[in-house]
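**Student:** Given next are the chains, with one letter for each unit.
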Amino acid sequence: MPMAPLPQFSSSVKLKYVKLGYQYLVNNFLSLLLLPVMAAVSLELVHRGPGEMVELWESLRVDLIHVMCYLFAIVFVSTVYFMSRPRPVYLVDYACFKPPATCRVPFSTFMEHARLIYPNEKSVRFQMRILERSGLGEETCLPPANHYLPPKPTMEASRDEAQLVIFSAIDDLVRKTGLKPKDIDILIVNCSLFSPTPSLSAMIINKYKLRSNIRSFNLSGMGCSAGLISIDLARDLLQAHPSSKALVISTEIITPNFYPGNERAMLLPNCLFRMGAAAILLSNRRRDARRAKYRLVHVLRTHKGAEDRAYRCVYQEEDSEGNSGINLSKDLMSIAGDALKSNITTLGPLVLPMSEQLLFFLTLVGRKVINPKWKPYIPDFKQAFEHFCIHAGGRAVIDELQKNLDLSAEHVEASRMTLHRFGNTSSSSLWYELNYIESKGRMRRGDRLWQIAFGSGFKCNSAVWKCMRTVKTPVDGPWANCIHRYPVHIPEVVKL
Amino acid sequence: MSSDQAAVTGHRFSSVVPGDVTGSAVVHELGGMDLIMKLHYLRAVYYFAPSEVVDGLAITDLKKPMFPWLNVYYPLAGRIRRAAEGGRPFIKCNDSGLRIVEASCSRTMDEWLHVEEGGESRWRSLVPDKVLGPELYFSPLVYIQFTRFKHGGMAIGYSWAHVLGDPESATNSINLWGELLSGNPQTVIAQKNEENTEEPVIAPQGPAPALVPAPAPIKQVEIAEDVWLPPTHRKMATHCFRITETELQKLHGEQVPPFETISALFWRCLARIRSRREPELATICRSGTPAKNNEILHNKFRTSTIKLDSSAASVELLGLATKILKQDMDEALVDRDNSTGEQDFLLYGANLTFVDMGGIDLYGLELKGQRPVRVDYSVDGVGEEGAILVLQAPQRTDLSVMVILPEDEIPSLCRVLSSDFGIA
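Chain order of the listed sequences is A and B. Its first residue numbered 155, the first sequence is counted upward by one per residue in the working numbering. Its first residue numbered 1192, the second sequence is counted upward by one per residue in the working numbering.
Hints in this document: simulated from the structure, not taken from any laboratory. Any given hint could be a false lead.
To be verified - Derived CB-CB ranges, DEER-like:
1) B/1424 <-> A/636: 51 to 59 Å
2) A/646 <-> B/1495: 52 to 60 Å
3) A/445 <-> B/1214: 38 to 46 Å
4) A/369 <-> B/1250: 36 to 44 Å
5) A/644 <-> B/1557: 20 to 28 Å
6) A/558 <-> B/1250: 43 to 51 Å
7) A/308 <-> B/1305: 51 to 59 Å
In this text, a Cβ means the ideal position worked out from N, Cα and C, and glycines have one as well.
Could you put together the complete structure from these sequences and hints?
**Tutor:** Shown next as structure tokens:
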């Protein structure tokens, strides 16, 4: 029976059961194989009888020295095995910044300010169209400096915003986990567009009086996917240093990046980017395993920067009038699709069950050997993961990924609702989405989670987590007082 | 005047919105009386003396209570819309927000308040003088300006489009903000929520009712189109008089209450000044009875127009005051839905108007225990006949009188009052 046409017939009920049976068979192949083997062995034992077993044992002429040597060999091999395994990385807990109502920007205020700031009416109308279709809600927040007409992005205002969002998130995390600042061994901060001297990590060390031998890193310029890059860096450092705790801060500071010009491709970030920050506590200590929420299984990074098209896709530059802004190219979605394909090609063998891998492999072989016209088989990632956190970069990104990965509305609900309530908070959006899933009471022990982030470069990064304990509601976090209103229906176009 | 304007600099504009989402279909309907008042604007300036408390309030402290405040007073943050092309206006409560202005003054507050020379309308630099329009759909209804003086002290300028409500509503609203800032939020908000039983409704779509001739206190003017200001041919200016207790007693003794006495006094003086066109008609305006359904935003007046057979100058002061006192007041000028907005009217200044604002708690704006040392209150969009506002003064026993008259009448009025009555 040919394998390729299977996905087309998946609506048929009979084939659904065939598919289920196939999956069960292949995924549990070894256990199923074990049954007849065990049956044969026990039959043989019963056949031979106990007396013969004792005779067999005596004939081996085992004495104390031999036993000791065998034991020693076993202990040695197991020690080497356990020591060479990578240290597990646990996510003890995380906290997201909850923007105060004093920073709220309703649609009407945004549009009125746009009319007053931009003399060019076309720019105003363009921003209105973007906002209508953006998928954002009326509760997203901009920093205080952006509420002025016109916004005055001074360095002091940027630092104020950084202190507000970062310290708020860290204070929340300290409250939830009982973390003592002196216990932090590794500090990683990622913030793409604001990079003062001294760095934001120095700002945190100064405020919380962290240790003088702390290993601190400040990643800037790495775009919206930098959150997972920080996690990757933290994981590597936690492999190198035993019994350590790492604090990762993911944020994006909006104040310095207001674009006052008229270039359309550069006006998009004004409409979509909003305030946000997340603080994550990672640990490789065994005793933290008991209270940790998640364990990091994989982090996978894919960089398409070698291609010029991907490199120039999200590009910060000055327009013809000298205003600095971030230029988003029209190819963004197709480049994102390519990057995603590369990423999941590498991720697939690591996470997919045997049944999907076998199908993919057979289709691949079939396309090469038998008939190149066969459609490539897109593995069903829904069998590998229970939850998906897709970076809320914009409505188009979520739509595209939902289509590519064949996800249901419930799988992408966390991403859509985060975009609605908080806007595009860049690298921290994955954590707001995770908080949504937890607040809805959907996160159970043993669930697997996939976080996907895209960013300038062009990069596509994935992280896979496994839930270690069921998260009980209500969850303390940015969704606490509004989760009961969600999910909301987000219309295609909001009437402004 | 221009040197006063030049002293106030460094204007920074921002917006403040309600803390909670008001909703996408919430509308504040404008009644007939609201639409009659649409060409008027209330301007108030509250002066706070230098003190550690007031000077220690940063702009974030001033803005923070506005968010829960606007949850209660959400129509203030809305914008005017029309039902259809040229149709009846209403307020769409879309959370657009208030406009906040921050400025600083290069003079000290003492210099500002006590220098006599120069224009008396000095308060104008401390409150935004914007009106609704030309972009009606994007014009804020309320502006607040915070001006810091050299060496301490602050002036809070409150600009309020009269279409939202009368001076009582305006004063109650800003007093609530003061209470929230001073930090007793829970009880106040709960109380206000109970009071605010106005149900948000969708604007009525019925056919336009028949046009009725305007009753006496109001005068019809040409349609204002997109800029809601009356057509003026003469420039209006203001002047503030302080009438002390002793002066009041000299005038009337105990027989007639202060408001009527003062109204009679100014009417006679103006009759003498305006020898060519004497004011035979005068409108008396008092606040209306408390609303039955406890709307927090309302335009409620009791008005009546007095017609004199002879010149006011010839009538004796006490007699005129008694006549004013005994005048019957009309509660409702127009039925609630009578006006469609197809006609535009003026109330203040249609005839010489006397407004009794003595009961309005201007000095009730309390910021962490600090009350204003002075409040200037005026109306923009007043007609040419002029308006006289009788207000509370910093001293409870005194009264302030703010006159809004054509520019050229003010010096003569000052001369008459000081020479005949010793009032400055």
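**Student:** Mind checking the hinted window 52 to 60 Å against the Cβ distance between residue 646 of chain A and residue 1495 of chain B?
**Tutor:** holds (57 Å)
**Student:** Verify the CB-CB distance for residue 369 of chain A and residue 1250 of chain B against the hinted window 36 to 44 Å.
**Tutor:** Holds, since residue 369 of chain A and residue 1250 of chain B (Cβ atoms, about 40 Å apart) stay within the stated range.
**Student:** Tell me if the beta carbons of residue 558 of chain A and residue 1250 of chain B are separated by a distance inside 43 to 51 Å.
**Tutor:** For residue 558 of chain A and residue 1250 of chain B the Cβ distance comes to about 48 Å; the hint holds.
**Student:** Between residue 308 of chain A and residue 1305 of chain B, does the C-beta distance stay in 51 to 59 Å?
**Tutor:** violated (37 Å)
**Student:** Holds or violated: the 38 to 46 Å window for the beta-carbon distance between residue 445 of chain A and residue 1214 of chain B?
**Tutor:** Once the Cβ atoms are compared, 42 Å apart, the range 38 to 46 Å for residue 1214 of chain B and residue 445 of chain A holds.
**Student:** Per the hint of 20 to 28 Å, is the separation of the Cβ atoms of residue 644 of chain A and residue 1557 of chain B within bounds?
**Tutor:** violated (44 Å)
**Student:** Mind checking the hinted window 51 to 59 Å against the Cβ distance between residue 1424 of chain B and residue 636 of chain A?
**Tutor:** Between residue 1424 of chain B and residue 636 of chain A, where Cβ atoms are some 55 Å apart, the hint holds.
Hint violations for this structure: numbers 5, 7, all remaining hints satisfied.
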